[in-house]
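Undergrad: Each position in the sequence shown, counted from 1, maps to that position plus 178 in the working numbering.
Just so you know, these hints were derived from the structure itself, not from any lab. Just so you know, even glycine gets a beta-carbon here, dropped at the ideal spot from N, CA and C. Treat the hints with care, since some could be wrong.
To be verified - Simulated pairs of lysine-lysine, DSSO-like, Cα-Cα distance not exceeding 30 Å:
1. Lys-254 with Lys-522
2. Lys-381 with Lys-201
3. Lys-457 with Lys-407
4. Lys-523 with Lys-436
5. Lys-254 with Lys-436
6. Lys-436 with Lys-500
7. Lys-491 with Lys-395
8. Lys-491 with Lys-437
9. Lys-317 with Lys-288
10. Lys-440 with Lys-471
11. Lys-239 with Lys-329
12. Lys-500 with Lys-437
13. Lys-437 with Lys-457
14. Lys-536 with Lys-440
15. Lys-254 with Lys-292
16. Lys-292 with Lys-201
17. Lys-201 with Lys-440
18. Lys-465 with Lys-381
19. Lys-314 with Lys-201
20. Lys-407 with Lys-522
21. Lys-500 with Lys-465
22. Lys-536 with Lys-477
23. Lys-491 with Lys-471
24. Lys-437 with Lys-465
25. Lys-503 with Lys-254
26. Lys-457 with Lys-503
27. Lys-367 with Lys-254
28. Lys-505 with Lys-536
29. Lys-477 with Lys-503
30. Lys-407 with Lys-197
31. Lys-317 with Lys-395
32. Lys-407 with Lys-239
33. Lys-529 with Lys-500
34. Lys-532 with Lys-505
35. Lys-505 with Lys-491
36. Lys-529 with Lys-380
As the list claims (entries may be wrong) - FRET-style restraints, in silico, Cβ to Cβ:
37. Pro-488 with Glu-328: 52 to 58 Å
38. Asn-363 with Leu-248: 37 to 43 Å
39. Ser-299 with Glu-400: 29 to 35 Å
40. Ser-464 with Gly-533: 50 to 56 Å
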Amino acid sequence: MPVIVISGKPGCGSSTTAKLLAKRLQLRHFSLGDYNKSHSRAKKETDKSLDMWKIKGQKLKSFHLHSDKLARSIAKHGDVVIDAKLGIRMIKGLYDCGIWLTASGSVRTKRYAKRDSITLSDAARKLREKELAERKNWKNIYGFDYFTQEKEADIVIDTGNRTPEQIVDMIISRMKRVFIVHRWNANPKSDWYVHCREELEKKGFIASVPRMPNTRKPALAEWLPFLRKAIGAPTGNTFLVGHSAGVATILRYLETLKKGEKIGGCVLVAGWTDNLGYKQLTSFVSKPFNWKKIRRHCKSFVVIDSDNDPYVKLYHGKAFEKQLKAKLITERGKGHLDDDSRVKKLPSVIKTIKGMTK
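Let's have the full structure, built from the sequences with the hints guiding it.
TA: Pasting the structure below:
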């Protein structure tokens, strides 16, 4: 359940960037600033957030402590991009990635002028007023200058002369993302997926387990576009973990990538090269895999099998090892590495993904 926090200086485009990033990653978006504006009493200011600084003393402190509590509550539910000026500091420990946006004063002034249709001098005055008020009041309440959050951020981006789309592309390219594609007749809470996701998140990855469609009657025609949409823009910091039918889906996905697109690595768990005698799996292997093309779009492969898998015999893993120049790991006595085999943790996956980022 990834949680991403975006903070930054006024006029850096944090709200616009957060909305677009949430859309690209298929996450919810929550803007603490928008929430606060909607609860602002005055209605005359063009930028209603300025009204908040007219609140005095203890009321101002109570107002912001309530906002912090709300933001932390939102973060605890996961699957969200939060846009909050103090988010990097005040939501610390609850997010997977903290992003700080910055830009020169002249760039931010021009953005204010364009947004509010005012002169540059008026925009500069307005920006200066807001910035000074925020820094002064937050330092009085919290005891720190919120601009220092830049030093605590996982990613820092200068948004000057960049479009929101370009900024989001930069963010995604720097995020270490892991997608775990589950097996046939499973869901995101099956097998070892939850433990794997949680452990990867502790290590700084944005990890997710997409709920694949129609899982009892899987079809490549449904699974492939679903995975493609979930991943969005693939980068060298994108890592894929597949289990059984998830392996075949990942391999077909790699076949579709364009020239120059290459992900960081794949972990293939209990994968197969034929339908194992089940007609329900035929669509995934109706044609031979294009091994050359698959290798071209992924930096490294690791195969994990079990020596007593009742469905997937060892020759499947050997085929992947040969065709993908993959490392083969053979687990002992873990069946199909699923709930039926009582496999709720699979440390070899976590260790492998961590190793691929070194």
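Undergrad: Would you pick out the hints that fail for this structure and give their numbers low to high?
TA: Structure breaks hints 4, 5, 8, 13, 15, 18, 19, 25, 31, 32, 39, 40.
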